[in-house]
Amino acid sequence: MQNVVFGLVTGSILAIASVGFALVRQTENFLNIAHGQLLALGAFVGVVLVTEHSVNIYVAGAISMVAVGVFGLLLAILVFEPVRERGGTVLLFTSIGLALVLEAVMIAWFGTGIRLYRISFGEQHEIGDVVITTGEIVIVALTAVTVLSLQLFLRRTRLGRSVRAVASNADLARVRGVSARTVSATVWFVSAALAAMAGVMLGVLTSVNTEMGWHNILIILAAAVLGGLGSIYGVLVAGLVLGIVMDVSALYIDTSYRSVVAFGLLVLVLLVRPEGIFTLRRRQEATV
Amino acid sequence: MTSVVFWVGVLTLVGFYGILAMILNMEGGWGGMWDLGTAGLLAVASYFFVIVTLDDAMLGTRFAPGWPLWLAWPASAVFTGIVAFLVSLPALRLRREYFLITTFAFAEIIRQLIVVQDDLTRGVIGFSGLDRPFDDVVTGRDYNYVLLGLVAIGVVVVFLITRVVARSSFGLLLRAARDNEALALSLGRKVNRMRRETFVLAGVLIGAVAPLYLWYIRAVTPQLFAPAVTFTAWSALVLGGLGSIAGPILGAFLLIVFTEAVGLVDWSPDQANLATALEPFLVGMLLIVVLRVRPQGLLGERGAFRRATRRDRSDDATEPPANDALPAPAMSTPRSG
Numbered sequence: 000m001q002n003v004v005f006g007l008v009t010g011s012i013l014a015i016a017s018v019g020f021a022l023v024r025q026t027e028n029f030l031n032i033a034h035g036q037l038l039a040l041g042a043f044v045g046v047v048l049v050t051e052h053s054v055n056i057y058v059a060g061a062i063s064m065v066a067v068g069v070f071g072l073l074l075a076i077l078v079f080e081p082v083r084e085r086g087g088t089v090l091l092f093t094s095i096g097l098a099l100v101l102e103a104v105m106i107a108w109f110g111t112g113i114r115l116y117r118i119s120f121g122e123q124h125e126i127g128d129v130v131i132t133t134g135e136i137v138i139v140a141l142t143a144v145t146v147l148s149l150q151l152f153l154r155r156t157r158l159g160r161s162v163r164a165v166a167s168n169a170d171l172a173r174v175r176g177v178s179a180r181t182v183s184a185t186v187w188f189v190s191a192a193l194a195a196m197a198g199v200m201l202g203v204l205t206s207v208n209t210e211m212g213w214h215n216i217l218i219i220l221a222a223a224v225l226g227g228l229g230s231i232y233g234v235l236v237a238g239l240v241l242g243i244v245m246d247v248s249a250l251y252i253d254t255s256y257r258s259v260v261a262f263g264l265l266v267l268v269l270l271v272r273p274e275g276i277f278t279l280r281r282r283q284e285a286t287v
Numbered sequence: 000m001t002s003v004v005f006w007v008g009v010l011t012l013v014g015f016y017g018i019l020a021m022i023l024n025m026e027g028g029w030g031g032m033w034d035l036g037t038a039g040l041l042a043v044a045s046y047f048f049v050i051v052t053l054d055d056a057m058l059g060t061r062f063a064p065g066w067p068l069w070l071a072w073p074a075s076a077v078f079t080g081i082v083a084f085l086v087s088l089p090a091l092r093l094r095r096e097y098f099l100i101t102t103f104a105f106a107e108i109i110r111q112l113i114v115v116q117d118d119l120t121r122g123v124i125g126f127s128g129l130d131r132p133f134d135d136v137v138t139g140r141d142y143n144y145v146l147l148g149l150v151a152i153g154v155v156v157v158f159l160i161t162r163v164v165a166r167s168s169f170g171l172l173l174r175a176a177r178d179n180e181a182l183a184l185s186l187g188r189k190v191n192r193m194r195r196e197t198f199v200l201a202g203v204l205i206g207a208v209a210p211l212y213l214w215y216i217r218a219v220t221p222q223l224f225a226p227a228v229t230f231t232a233w234s235a236l237v238l239g240g241l242g243s244i245a246g247p248i249l250g251a252f253l254l255i256v257f258t259e260a261v262g263l264v265d266w267s268p269d270q271a272n273l274a275t276a277l278e279p280f281l282v283g284m285l286l287i288v289v290l291r292v293r294p295q296g297l298l299g300e301r302g303a304f305r306r307a308t309r310r311d312r313s314d315d316a317t318e319p320p321a322n323d324a325l326p327a328p329a330m331s332t333p334r335s336g
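Residue numbers (numbering that gives the first Met the number 0), protein chains in the order written: chain B, 0 to 287; chain R, 0 to 336.
Calculated directly from the structure, the hints in this document are not laboratory data. Hints are not guaranteed to be accurate.
In silico negatives: residues of chain B with every beta carbon more than 10 Å from chain R [as the list claims (entries may be wrong)]:
{"hint": "1", "residue": "SER53"}
{"hint": "2", "residue": "ILE56"}
{"hint": "3", "residue": "ALA61"}
{"hint": "4", "residue": "GLU125"}
{"hint": "5", "residue": "ARG180"}
{"hint": "6", "residue": "VAL236"}
Covered stretches of chain R, going by a simulated chain B footprint (3 or more residues, C-beta under 8 Å) [stated by the list, open to error]:
{"hint": "7", "segment": "108-117"}
{"hint": "8", "segment": "149-158"}
From chain R, some residues computed to sit far from chain B (all C-beta separations above 10 Å) [to be verified]:
{"hint": "9", "residue": "VAL51"}
{"hint": "10", "residue": "PRO64"}
{"hint": "11", "residue": "LEU68"}
{"hint": "12", "residue": "ARG92"}
{"hint": "13", "residue": "ILE124"}
{"hint": "14", "residue": "ARG188"}
{"hint": "15", "residue": "ARG195"}
{"hint": "16", "residue": "PHE257"}
{"hint": "17", "residue": "GLY283"}
{"hint": "18", "residue": "LEU285"}
Glycine included, C-beta positions come from ideal geometry on N, C-alpha and C.
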């Protein structure tokens with residue numbers, strides 16, 4: 000059971016990161032490889048604020064989210080918007096280029112060393128035979144609140160509904176008078192801010208370094224595919240499941256197989272259900 | 000400041016990445032298969048080759064058959080081909096980005112397995128000081144010329160193979176299936192089988208060139224097969240021109256010479272971070288800028304297939320209009336032929 004709790008915490012962070020990734024995939028139609036670097040950037044902004052300017056962790060997290068969110072929006076306007084018409088391949092490779100540039104900037108700025116938040120996780124609570132710290136509860140709770148707000152935003156607000164409209168049929172949405180520009184800007188901001196949030200949480204839980212970006216984008220991709228790239232809620236559940244599977248598998252086999260398990264699961268799911276676990280619609284790409 | 004030997008080494012690396020980019024071009028450029036598993040197959044080939052040629056059980060590995068070179072080299076090509084076939088079974092059920100993710104996942108699984116299975120692969124330590132052919136004939140620095148020669152032969156052979164594929168009806172069909180899979184299927188072509196054959200051919204070629212890479216590095220560790228290898232080869236291909244025949248080599252040349260030359264700059268120790276950051280920064284910027292200014296790469300696909308397109312104008316319809324701007328100059332040779 001203890002590992003299920005660990006998995007829940009890991010999975011929450013993964014879910015937050017993957018939901019942002021899936022949002023961009025849905026509305027902008029490409030895999031944003033630079034998403035992992037935005038996550039790392041968020042973690043760095045947070046750790047610098049906390050350790051060098053002794054800012055409260057929640058404030059630091061919020062600042063990091065807004066800062067990276069705005070930064071993500073700027074990147075979208077400067078880097079992705081001009082090549083948007085050229086389709087998925089160009090956008091994908093542009094995002095790989097951007098990921099390299101961001102990684103370089105972070106190496107130059109923050110160095111390659113490992114940084115720690117050095118934040119106490121508070122007291123341990125024993126529920127049955129499971130031990131969980133206050134900090135871990137906060138992470139899971141924050142994830143729940145974030146997902147709920149995102150859900151409310153996408154379902155109840157006009158802007159959120161526009162986002163979903165563009166995601167399901169961009170042309171039809173445009174015909175119906177949805178501003179593609181506003182939707183795009185919203186999605187980029189939200190996606191980057193969520194990446195930063197995941198980055199800060201991951202940084203608090205483990206450590207911060209410039210390898211974070213490349214390391215996490217793989218698992219984010221896995222979660223996004225498992226959930227079905229078209230479904231935000233599927234991605235959410237997939238993130239949680241993946242986190243729990245990775246941590247529970249540590250009970251039975253060596254922990255070094257952790258990511259092998261994650262990717263093995265991914266390949267297995269693609270074989271059995273190429274459209275992802277949680278989508279009803281078959282993936283067009285997989286039908287031929 | 001720099002020695003000739005240094006640039007010989009750089010050219011060897013150019014050749015090697017040129018080969019990888021040409022293989023990727025065959026899969027990705029013509030076959031439409033976005034393969035991010037190159038580093039994985041390269042790792043399979045390298046470890047297979049190193050392990051079967053081991054003759055010293057003292058290194059603490061479980062398995063050291065000590066095969067001779069003439070057996071180990073072709074065997075590594077065949078073995079990598081078989082692994083590529085196995086990977087293609089799940090991967091080819093998917094298209095485009097799903098294919099990309101599956102192959103990427105496969106490469107990561109391989110790399111993790113290499114780290115974990117240390118009784119066979121010596122984990123993160125790997126093997127170093129590998130034996131090379133002609134090592135006792137040509138010694139020291141001169142060996143770099145031998146290596147350059149071997150890689151140059153590799154480049155020519157792979158170039159000729161990909162050119163034959165590109166100009167054959169097989170290559171035309173691959174491109175047709177990439178642009179309109181439903182149409183190719185309706186013409187009765189076995190699209191999936193063709194893609195599988197291309198994927199396996201790529202595996203065999205990677206298996207065949209892996210020893211060259213090993214002799215260049217003279218060591219094998221899991222770190223060598225990080226995703227960066229795949230990304231560098233893809234970047235070279237995208238820069239040179241996805242789909243063109245000579246583009247991959249041009250792209251690899253520009254990319255590798257550029258980054259190696261930057262590495263020559265003397266940095267003071269307190270600027271160590273800047274020095275480390277410079278290479279990914281420049282590669283990333285190069286990618287972003289080239290894709291912005293010239294999305295088809297320096298040599299586009301249209302230039303490479305000019306003669307074919309002139310004979311059959313309908314081929315043009317599938318090309319983005321941006322290609323009309325500049326016909327690729329270096330590919331003008333097919334015109335006269």
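Tell me the hint numbers this structure goes against, listed in increasing order. Hint check: 8, 12, 17 and 18 fail, others pass.
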